[in-house]
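Colleague: Chain residues, written in single-letter form:
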Amino acid sequence: MLDKNGIAKRIAQEVRAGWYVNLGIGIPTLVANFIPEGMEVEFQSENGILGMGPFPWEGEEDADLINAGKQTITAMPGAVYFDSATSFAMIRGQHVQLTVLGAMEVAQNGDIANWKIPGKMVKGMGGAMDLVASAENIIVAMMHTNRAGESKMLPSCSLPLTGVGCVRRVVTNLAVLDIREGAFHLVERAPGVSVEEIAAATAGKLVIPDAVPEMRIN
Amino acid sequence: MLDKNGIAKRIAQEVRAGWYVNLGIGIPTLVANFIPEGMEVEFQSENGILGMGPFPWEGEEDADLINAGKQTITAMPGAVYFDSATSFAMIRGQHVQLTVLGAMEVAQNGDIANWKIPGKMVKGMGGAMDLVASAENIIVAMMHTNRAGESKMLPSCSLPLTGVGCVRRVVTNLAVLDIREGAFHLVERAPGVSVEEIAAATAGKLVIPDAVPEMRIN
Amino acid sequence: MAISKVVNGSIAACDGVKSGMTLMLGGFGLCGIPECSIGELVRLGIKDLTCISNNAGVDDFGLGLLLQQRQIRKMISSYVGENDEFERQMLSGELEVDLIPQGSLAERCRAGGAGIPAFYTPAGFGTEVAAGKEVREFEGKPHILESALTADFAFVKAWKGDTAGNLIYKATARNFNPMMAMAGRITIAEVEELVPEGTLNPNEIHTPGIFVQRIFQGERYEKRIEQRTVRNRETASNA
Amino acid sequence: MAISKVVNGSIAACDGVKSGMTLMLGGFGLCGIPECSIGELVRLGIKDLTCISNNAGVDDFGLGLLLQQRQIRKMISSYVGENDEFERQMLSGELEVDLIPQGSLAERCRAGGAGIPAFYTPAGFGTEVAAGKEVREFEGKPHILESALTADFAFVKAWKGDTAGNLIYKATARNFNPMMAMAGRITIAEVEELVPEGTLNPNEIHTPGIFVQRIFQGERYEKRIEQRTVRNRETASNA
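Residue numbers (the working numbering), protein chains in the order written: chain V, 1 to 218; chain R, 1001 to 1218; chain U, 2001 to 2239; chain G, 3001 to 3239.
Same shape as in the complex, but just chain V (with noise of 0.2 angstroms):
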């Protein structure tokens, strides 16, 4: 099974030289810690930066220089900074190449629910909506199920939407799993990690093939 940091780990490696990235808040923030030395990625925050680089030194912090999570920044060298709207014209005019975020649930029509949970305090979808309304190639990264042993992966979203149709991949602790035709394809296994243990943690259509590799995680 895979923490946190296993699981950007495994999402640095869908990651090719010369694409330009959007890293959602939490786990997807960490996959920038696992790009390969060398390789050319270049991350974009949507509040207008392309090039954020790692968190400041300490007492090198600049109010002005922040990321979509609101947390002090750097810009790498080639940086460059531009308003919300060329922003998001670069989010829906597919211009980037990757979108990583997390979800509270995916559904194996490719549906995505991670912004409003009925009954609780609704803090808005931010950037999200137009994220995954525009991406062509979303990765979700999220445990397998919640903290009440819940499957987060089903067969339709019980919570409100943040987009229809459009997630292609998820990594979660457990497993790598791709989606079309309806359903989730089981494409790879966490260490230590049984094709048994995933069915059961899966609610929704889960397609196994003979088949299933074990993650190669170093």
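Worth double-checking, as some hints may not be accurate.
Restricting the straight-line Cα-Cα distance to at most 27 angstroms, the calculated cross-link-like pairs of lysine-lysine (DSSO-like) are [what the hints assert, rightly or not]:
id: 1; chain 1: G; residue 1: LYS3133; chain 2: U; residue 2: LYS2133
id: 2; chain 1: U; residue 1: LYS2170; chain 2: G; residue 2: LYS3170
id: 3; chain 1: G; residue 1: LYS3047; chain 2: R; residue 2: LYS1123
id: 4; chain 1: U; residue 1: LYS2160; chain 2: G; residue 2: LYS3160
id: 5; chain 1: R; residue 1: LYS1120; chain 2: G; residue 2: LYS3074
Coverage of chain V stretches by chain U, computed from C-beta distances (three or more under 8 angstroms per stretch; other residues unrestricted) [unchecked claim]:
id: 6; region: 40–53
id: 7; region: 118–132
No wet-lab data here; the hints were simulated from the structure. As the structure is a prediction and not an experimental result, all values here were calculated from the model. Yeah, the Cβ is synthetic: ideal placement off N, Cα and C, and Gly gets one too.
Following the hints, put chains R, U and G in place on chain V, whose structure we already have.
Modeller: Leaving out everything else, chains R, U and G in the frame of chain V:
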């Protein structure tokens, strides 16, 4: 009767301090020459400059600095450059206080035709359709009649339209006329021009008030 | 030569701002917010405001200060977390909240300033955001119709500005400020440094002065940081 | 660190551009046009092009060079004067011409790059430009629906660019270049000066490199002036 510079001088009297003004090609361009010394007015050229200055000194032309007539120009202190989408955002969004442009025909309902003569080479409308569709305050600068002596102030336009119901005021070699309630309203006579001459040169419905003052052009 | 847009501080800048108006306020989180103008809005004590702002500040800074005085009737935002008073007022029904996808919010402000009354976007299709909105397919993909936003007053914060209202923002403090500057019927810019017209490079200006009606140099900027995240030099294993 | 977008000159830049494609070309008049790329398109001799460009150059410069070789099947522009060969081909029916209001052309390119499939504008309502287009009233004023434009390749010209494709334009040579850079499926930027990544100030970049797929430093820019208008120091009565 006014010459082209006279028309421009009269229109310059309409301009107020603090205004952003877009001047079309031809007579409108001359208006800039007659803004009173010290009056704070900024000229927009829709290819992408606010704060357009006079032509450059000989030898100081810059191929990268032109106006919408493709003429070499200069930039005033406080000028700013922007792209064409932003430029027309200013125009469509009604941030420009005055638009002055030429016309082939103006109708008593405020329609304007100034871009196309059927059977002749059509060069295009450039920014004229955006300008007339958006501006709150449009002044047409033109000769009252065409070269054949026919009125350009018509009951309705015969040429393909540039915009509908948009012209508020026309300044010609003969008169200043306002357009409202489906008629040309005579406001001022050009020096030495009689009301009868204006009436004879105006094919559209003309409303003549009891007193029609002569323009003050110094 | 442009006319000077300079006013003498936030009190003069906010002249005419009244209860019941719709205001836009630039900034993302606490980054790039018009601190001085917000202070004056609190002082004015005007009520029943509709505030269009991506976020709602925190309890004791930014728009949170207006919320504490119950000056806001309605918020139009994309994300309103990190604010207990906001939550209390929203749950009690005192505060009306219209949540909009962040990209749609930015584009709707730009549209308002650019004379584009409405546009189609894929964002929010199939969600509750699309409720009551026209849906149309383009190239087989469904989109929803979103309308322009404008405001009686827009408040923006820039790094440098000149007397003609030309503005330059710094880093990610740009965010929503340029579009809101376009969309305000009266736009008030506060800047950290006010310079004479002609000082800024005309190639480097982000907001042309035509969009700005009043400008002043703000004072005592706190520029509070919402999430201070740092690397520690001592404990850093790799740098 | 972004991947390098640098290609070795205009020949390499134009790899994959084929007959029958739709191309966007930045520039207004002859100002800010991608001279080197146009030269390579002429050399390639590809035909049946649809060219989206505000203007069509003059007889012996800019897009006029492609017209002379009859490489263009259709022009999408706002103004096409100053070009005799253009006129001849248009009147003879060899060349198809789609004339679009300049502001709508700029906004349609931006929309194409920004994932906005269509928007409403007042420009052209009641004219032949509105023929066949949906009309809708917003706040009592009629608007027409205009659709996004995209291109197989977009060619833009900038003043400075870095290896990551970030671009800075000079003065009014900016014009249509930023929107067309957004709207190209592959965008090729030629620049007067190519600098290493990290050299340009991130606050001053006009086109973020994400919109640019290939970049090269052009050679022997002529930068022809279409209308040389000057003041003469000797005869100037007032300055």
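Colleague: Find the hints from earlier in the document that the structure breaks and name them by number, from lowest to highest.
Modeller: none
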